[in-house]
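Peer 1: Sequence:
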Amino acid sequence: MSRKERVLKKRYAIFCEGDTEYNYIDKMRKNQGVELVLKPINMHGGGYSNFLRQIKKEAQSNYLAKFIIVDADRIKTIPGEQENFIKLLEYCKLQNDKGNTPHFLIADNPDFEYVACLHDIEYKGQDTKNFIVNVWKFKDIAAFKSNEGVYQQLQSVLAESWV
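Its first residue numbered 183, the sequence shown is counted upward by one per residue in this note's numbering.
One should not assume that every hint holds.
[Stated by the list, open to error] Lysine-lysine pairs mimicking BS3-like chemistry, simulated, CA-CA at most 25 Å apart:
#1 Lys275 to Lys238
#2 Lys311 to Lys192
#3 Lys306 to Lys280
#4 Lys192 to Lys327
#5 Lys321 to Lys311
#6 Lys269 to Lys191
#7 Lys275 to Lys209
#8 Lys280 to Lys209
#9 Lys238 to Lys191
#10 Lys275 to Lys319
#11 Lys275 to Lys306
#12 Lys258 to Lys269
#13 Lys186 to Lys209
#14 Lys269 to Lys280
#15 Lys258 to Lys192
#16 Lys239 to Lys280
#17 Lys258 to Lys311
#18 Lys209 to Lys191
#19 Lys258 to Lys327
#20 Lys319 to Lys306
#21 Lys191 to Lys212
#22 Lys258 to Lys191
#23 Lys186 to Lys239
#24 Lys258 to Lys280
#25 Lys192 to Lys212
#26 Lys306 to Lys212
#27 Lys275 to Lys258
#28 Lys280 to Lys186
#29 Lys239 to Lys192
Keep in mind the hints are simulated off the structure, nothing from the lab. Values in this document were obtained by computation on a predicted structure and should not be read as measured data.
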């Protein structure tokens with residue numbers, strides 16, 4: 183009797199900066215019902231050099247693609263981060279040029295909170311932290327960042343905005 187044929191799932195790695203991004207991607211992965219393996223890796227901050235170290239450590243992993251999601255506000259506000267961002271960008275470009283696992287560098291500009299606010303039709307470019315607290319009724323920005331239901335929240339805001 184022959185063995186069952188093993189079905190390989192598509193595997194992607196997603197390196198993200200913190201809890202908010204991790205929670206969003208993890209719930210998106212679970213709710214989409216797509217047959218693929220996402221490995222959201224919470225970098226817990228640490229800057230662009232931390233991303234580069236982790237990506238290099240995972241270099242031999244069997245992924246179809248790697249997505250690196252960072253907040254762009256660090257580039258101009260934290261000394262040394264512009265150079266670290268350029269190193270990260272150059273490493274991703276080098277991997278892509280070599281034909282290795284594709285590396286997609288995604289910069290939330292200025293941060294994930296801004297991208298989250300763009301889900302809401304009521305958002306008109308005002309301060310994101312005030313919008314999250316006053317319109318979405320979070321106690322503070324920390325409560326939003328630690329919200330495990332951020333994906334569902336943003337999907338419902340998006341659905342309400344376009345009704």
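Peer 1: Run every hint past the structure and note whether it holds.
Peer 2: Evaluated hints:
1. For the given pair, lysine 275 sits about 13 Å from lysine 238 by alpha-carbon distance, which is consistent with the 25 Å threshold.
2. Of the pairs offered as hints, the one joining lysine 311 and lysine 192 is violated, with about 36 Å between alpha carbons and a cut-off of 25 Å exceeded.
3. The hinted pair formed by lysine 306 and lysine 280 fails the criterion: a straight-line CA distance of about 42 Å is larger than 25 Å.
4. For the hint linking lysine 192 to lysine 327, the alpha-carbon distance of about 29 Å lies beyond 25 Å, and the restraint is violated.
5. With a C-alpha separation of about 11 Å, the suggested pairing of lysine 321 with lysine 311 holds against the 25 Å cut-off.
6. In summary, the hint linking lysine 269 to lysine 191 is not supported, as the alpha carbons are separated by about 31 Å, beyond the 25 Å threshold.
7. For the suggested pair lysine 275 and lysine 209, the alpha carbons sit about 29 Å apart, so the restraint of at most 25 Å is broken.
8. At roughly 33 Å between alpha-carbon atoms, lysine 280 and lysine 209 are farther apart than 25 Å, so this suggested pair is violated.
9. Between lysine 238 and lysine 191, the direct Cα distance comes to roughly 23 Å. Compliance with the 25 Å bound is thereby established for this hinted pair.
10. At roughly 41 Å between alpha-carbon atoms, lysine 275 and lysine 319 are farther apart than 25 Å, so this suggested pair is violated.
11. Restraint check for lysine 275 and lysine 306: not satisfied, since their Cα atoms lie roughly 34 Å apart, outside the 25 Å limit.
12. Only pairs whose Cα atoms come within 25 Å are accepted, and lysine 258 paired with lysine 269 is accepted, the gap being roughly 15 Å.
13. Restraint check for lysine 186 and lysine 209: not satisfied, since their Cα atoms lie roughly 31 Å apart, outside the 25 Å limit.
14. Distance restraint check for lysine 269 and lysine 280: the Cα-Cα separation of roughly 16 Å lies within the 25 Å cut-off, and the hinted pair is therefore satisfied.
15. For the hint pairing lysine 258 with lysine 192, the CA-to-CA distance comes to about 36 Å; that exceeds 25 Å, so the pair is violated.
16. Proximity of lysine 239 to lysine 280 is assessed by CA-CA distance (about 18 Å); at most 25 Å being required, the pair is judged to hold.
17. With a CA separation close to 19 Å, the supplied pair lysine 258 and lysine 311 stays within the 25 Å bound.
18. A distance of roughly 18 Å separates the Cα atoms of lysine 209 and lysine 191; the hinted pair therefore holds under the 25 Å criterion.
19. Restraint check for lysine 258 and lysine 327: satisfied, since their Cα atoms lie roughly 22 Å apart, inside the 25 Å limit.
20. Proximity of lysine 319 to lysine 306 is assessed by CA-CA distance (about 17 Å); at most 25 Å being required, the pair is judged to hold.
21. With a C-alpha separation of about 15 Å, the suggested pair lysine 191 and lysine 212 falls inside the 25 Å cut-off, and the hint holds.
22. Using a Cα cut-off of 25 Å, the hinted pair lysine 258 and lysine 191 is violated, with the two alpha carbons roughly 39 Å apart.
23. Straight-line distance between C-alpha atoms of lysine 186 and lysine 239 comes to about 33 Å, which puts the hinted pair past the 25 Å bound.
24. Between lysine 258 and lysine 280, the direct Cα distance comes to roughly 30 Å. Violation of the 25 Å bound is thereby established for this hinted pair.
25. Proximity of lysine 192 to lysine 212 is assessed by CA-CA distance (about 15 Å); at most 25 Å being required, the pair is judged to hold.
26. Distance hint between lysine 306 and lysine 212 is unfulfilled; the C-alpha atoms sit about 31 Å from each other, more than 25 Å.
27. Of the pairs offered as hints, the one joining lysine 275 and lysine 258 holds, with about 21 Å between alpha carbons and a cut-off of 25 Å not exceeded.
28. This hinted pair does not check out: lysine 280 and lysine 186 have alpha carbons roughly 36 Å apart, beyond 25 Å.
29. With a C-alpha separation of about 20 Å, the suggested pair lysine 239 and lysine 192 falls inside the 25 Å cut-off, and the hint holds.
This entry does not satisfy hints 2, 3, 4, 6, 7, 8, 10, 11, 13, 15, 22, 23, 24, 26 and 28, going by the numbered hints stated previously.
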